[in-house]
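Chains as they are written, first to last, in the numbering used here: chain L, 1 to 259; chain Z, 260 to 896; chain F, 897 to 1121.
If you are wondering where the hints come from, they were derived from the structure by calculation, not from laboratory data. Computed from a prediction, not measured in an experiment: that's the story for all the values here. All C-beta atoms in this analysis are idealised placements derived from N, C-alpha and C, irrespective of residue type, glycine included. Fair warning: there could be bad hints in the mix.
The calculated SDA-like cross-link candidates involving lysine to any residue, where the alpha carbons are at most 25 Å apart (straight line), are [as the list claims (entries may be wrong)]: (1) L:K2 x Z:V892; (2) Z:K472 x L:P108; (3) L:K147 x Z:L636; (4) Z:K747 x L:L44; (5) L:K2 x Z:L636; (6) F:K934 x F:I1061.
Covered by chain F, according to a simulated footprint, are these stretches of chain L (three or more residues, beta-carbon under 8 Å) [claimed, not checked]: (7) 51-58; (8) 61-73; (9) 100-106; (10) 161-174; (11) 195-204; (12) 212-218.
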Amino acid sequence: MKVELHVWRQTGPAARGEFVRYDVADVSPDMSFLEVLDVLNEQLVARREEPIAFDHDCREGICGACGMVINGRPHGPERATTACQLHMRHFADGAAIWIEPWRARAFPVVKDLVVDRSAFDRIIQAGGFITARTGSAPEANSLLVPKRDADLAMDAAQCIGCGACVAACPNASAMLFVAAKVSHLGLLPQGQPERYSRVEGLVAQMDAEGFGACTNHGECMAACPKEISIDFIARLNRDYFTSTFRRQTSDLSGDGAEP
Amino acid sequence: MELRPQVPTGPLETKWTRHRSEIRLVAPANKRKYHVIVVGSGLAGASAAASLADLGYNVSCFCFQDSPRRAHSIAAQGGINAAKNYQNDGDSVFRLFYDTVKGGDFRSREANVYRLAEISAGIIDQCVAQGVPFAREYGGLLANRSFGGVQVSRTFYARGQTGQQLLLGAYQALARQIGRGAVKMYARHEMLDLVVIEGRARGIIARDLVTGKINAHAADAVVLATGGYSNIYYLSTNAKGCNVTAIWRAHKRGAAFANPCFSQIHPTCIPPTGEHQSKLTLMSESLRNDGRIWVPSRPGDKRRPDEIPEAERDYYLERLYPSFGNLAPRDIASRRAKEVCDKGRGVGPGGNGVYLDFRDAIGRLGRHVVAERYGNLFEMYERITAENPYTVPMRIYPAPHYTMGGLWVDYNLMSTVAGLYVIGEANFSDHGANRLGASALMQGLADGYFIVPYTLGEHLALVKPGGADTSHAAFRQTEQDVTERIRKLLAVGGRRSVDTFHRELGRVMWDKCGMSRNAQGLREALERVRCLREEFWNDVYVGGGSEDLNQALERAGRVADFFEFAEEMCYDALQREESCGCHFREEYQTAEGEAKRDDDRFAHVAAWEFTGVGNTPVLHREPLAFEAVHPSVRSYR
Amino acid sequence: PPAAAGLFRSLIGKKLVMAVTGLILFLFVVGHMLGNLKVFQGPEHFNAYAEGLRAVGAPFFGRGQLLWGVRITLLVSVFAHIWAAIEVTRGSWRARPVGYRRLEPVETTYAARTMRWGGVIIFLYVIYHLLDLTFGRANPSFVPGDVYHNVIASFSRWPVSAIYIVAMVVVGLHIYHGLWSAFQTLGLNRPPTFRWRRGAAAAIAAVIAGGYISIPVAVLAGLIR
Ligand SMILES: Cc1cc2nc3c(=O)[nH]c(=O)nc-3n(C[C@H](O)[C@H](O)[C@H](O)COP(=O)(O)OP(=O)(O)OC[C@H]3O[C@@H](n4cnc5c(N)ncnc54)[C@H](O)[C@@H]3O)c2cc1C
Ligand code: HEM
Ligand code: HEM
Ligand code: SF4
Ligand code: F3S
Ligand code: FES
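Produce the complete structure using the sequences and hints provided.
Written as structure tokens, this is what we have:
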């Protein structure tokens, strides 16, 4: 099969980008979407043109490096699928495919389809962890975690940090990403001591990075390759209000709400 | 060059404890003054950087991905071993130690492996404390599974995403230290050389992959945690970015490279579908617990699997290994698969595949049970192949997966260059000639959380902090070498893309230095590789510039290093005139085609010294003594 | 207190304001509808009800005092609601300076996407509505005190009824997304509610819009005159 690609080309953060059309012939339905870009890049090199820059590493849907908006859908038309796991058999022969980078102020374009997602790292640095000095851990089975909680925490913990939720959100909100982390750690007994300082740290950083507010469109969940539920967003809100309330009274009840 | 393993004296069981209490300590007040560079943010790197910062050292951490969280460790699926004996099935530190040494076909250092087994339990405690959501039983206790054909259930797991969860634990610990300002993180930075001054590792030269700037970074010690080099085969289960560059450049600066030819081929991967194939996807080994492996008895049989009657199917693993059957170890299962395919009995496109059939399992257990056990794996398979494993047998084929070889390190995990430590898959330490499933995650975290943070003190206590700064001539020189190399790559301006060269190199290595090797093939490989390298430097086209993000340039540098490294790999395979673990020399096999080990001549670690590109490297041997376990012949029949 | 200040500086806090004020406005809309449905019981009842609104609270409160209390609450709510809405909306615009060529909606609803315009329309509607039935400026045959007459007079002119009906549909949509969205924002939807909250919101919104719309329709159809 052959496809007609319209790829966003942008030489640098400051540069003005534009869509450039490329026709790629003899595409196999078994190719992954990134492999089509590989093929195209080979052709560009042969023509002495600069290949298209795009992030990728594991090509197994787990590292979260790849990500582009394909025909208006982050990671493309398939649900629960990253761009690297998307196969060409899902496109019609001769299809026109438009490819854009994630678009958000907090994710500035580095080059072509590559964006800077370090905002996510800074959010985690603001408290997305459990403080456990190496060597100070108690015997693992000394604290029991109900299977339900462990499973629910795992549902949230699956987040691969790809940023598709932000890309898909009409408000470019990072609520699903933050909610996933807050829920993963907040659902486990180990996460309780820092539960409230954590949520405040993450939310403050999220706002500082310039992400939008969640107005409950649910697009993030639809785009999320791990299908993380927006139920976790409600949980995040709940924890956030609780933390504010606790802070008022934390001098009375030393419950770790203070950072 | 001289190899000093530094293995502590005394009985195996007490070596580590005693050594730990005798290691020199750095005064708490002084720790901050010591700058440690950690290259790599995988399980080994992230855990080391976080732990060192926790101790008070001033740490810089580097990775080439856009975030430390994306290190290749993220892809590990199956699980992590630990001698907790939670299942009360008789597991113990000694048993884990024994299994690992035996699994490695008696080509690893006893003391290191014993320490690994000893530490394993603490790793699980640490990870649970960090909030790693391991699978649990209804009572709330941790769950275990048996993995990789061992008789005890000692594997801890988090769905099919154990590596991801363990890495997020380490990444979050690292993030905390970055937030505290104790670690300076350099993401999208690639280490391109090691700076050695008077025999001591003093820093690195790194390229900012976004701006293209080449920068020198001075330190009092350098820790390499840069992972494995399976991508020398081009097609492997490793992430696209995995490379040999960091350890190869360190090798060129004086670090010995141990057992480069020990590379593991994983039997259950999804076969390639064509030339366009860019990487291979691993299917968890657990599938072999219920799936039956077979090929048509008749070569070139093109019938659909369901049209092939029972009588004309060859369940070759069950036939050859009645006792282990489909659960035969990785190296054997892989080799046998290649064998039948080479005989023209392979199935699927290009005949590169064997069937992994669940028909009988579904018949025996019912579809729902099979779905329960393997549902997500079946989905993954169907997403990639568009075939439904419930009705059509899966097709699998072996793929390069893990490299036991790596930089040589002593008991303290220090290489032959003082102050250069190597941890995780990047070193050669614990797995001998073959790694058992679920033990690489264990090793990476043992090295990073519990070994290097102590043993680093041994070196630091000897050097005064801030001993070298980037104004030193050696930094200037090394920086120039790096810049010059980049200029050369861009200047070639030939006709072929980097990937076409990498593909071709991969083919050669896979055919001649892959699952099974022979002297003649290896000599041919050496020839081919040399010509290819020539051609590469005359005809590659990289394109773009060096002042901004240029992924072709990144790949070019890595492939250039693979070319140099490939030769050493072949020399090593050629030199080791025996078959052991994953290293199968066709000349050295029993009548039944089993590996024939030669303990008299080869019970040693082969550590190579670099003598210039294209020159034959010099071989140094570290003899392996076995006191606690007696080398036996692995038999799985 | 600093914590609370932080809360209201955060976007989540502003959503909280929006949700709470939104729910207050929602309560008014419900009560107002129930009251308005009394027109079907004829002039006496309806006018009595309007009169009653002013009398409630006696003897503790003077005539109209309680009503004013309600009015002030409403006024504050509307402006707080709008303030928050504007803050949140500007936040979203800032968050994506360069838009997509196209972004395919998958999960989101028409109601969700029209919340902002819907709000504006409701706002304009209410102004018109007050001029029409409270102050009478926009109502040629306005008779102070005879609320029943005013309503009939207005709705007998089909363009007016049309305006109302359109406005009611917008209100319905706004409440549909608003209600379940408020659930999320307030963190009330624990997994169990996940199943029914959307349906519930839709049903409530439909009843409200329907209830209101029934009045102009009835007037046009001559059922009440
Ligand atoms: C598909 C798959 C499944 C696996 N499943 C299991 C399993 O179930 N159980 C198990 O025990 N093991 C498993 N393994 C093996 C295991 O995952 C790896 O061996 C282990 O994660 C290696 O970790 P590491 O920290 O040593 O290196 P990596 O995780 O590979 O990290 C390497 C780091 O070094 C950085 N780096 C590399 N080169 C440079 C450079 N030049 N400059 C700067 N930075 C650099 C990278 O950015 C990265 O951060 C699996 C492997 C694969 C491929
Ligand atoms: C009849 C009166 C109104 C009612 C009952 C009402 C109700 C609500 C409710 C319950 C919400 C949900 C808040 C949340 O998402 O948590 C909401 C949101 C909103 N309202 Fe209103 N509102 C009314 C009037 C207005 C007005 C006059 C405006 C502004 C001009 C407005 C603009 C908005 C906006 C922009 C939102 C945000 C929607 C979103 O979450 O994306 N509303 N409203
Ligand atoms: C068919 C629909 C409606 C009818 C017949 C109607 C009727 C009336 C009447 C008769 C009054 C004057 C009451 C009095 O002065 O005693 C009034 C006031 C008012 N209405 Fe409506 N209304 C309708 C819909 C709405 C809607 C949908 C809203 C809000 C979104 C609304 C908001 C108001 C407000 C804010 C007042 C002023 C209340 C006050 O005096 O404090 N109305 N309405
Ligand atoms: S929540 Fe989902 S979409 Fe968002 S970053 Fe995590 S995995 Fe990606
Ligand atoms: S799409 Fe955006 S609006 Fe909220 S529910 Fe998801 S973040
Ligand atoms: S490349 Fe790792 S998720 Fe796509």
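Original post:
Against which earlier hints does the structure fall short, listed by number upward?
Top reply: 1, 5 and 7
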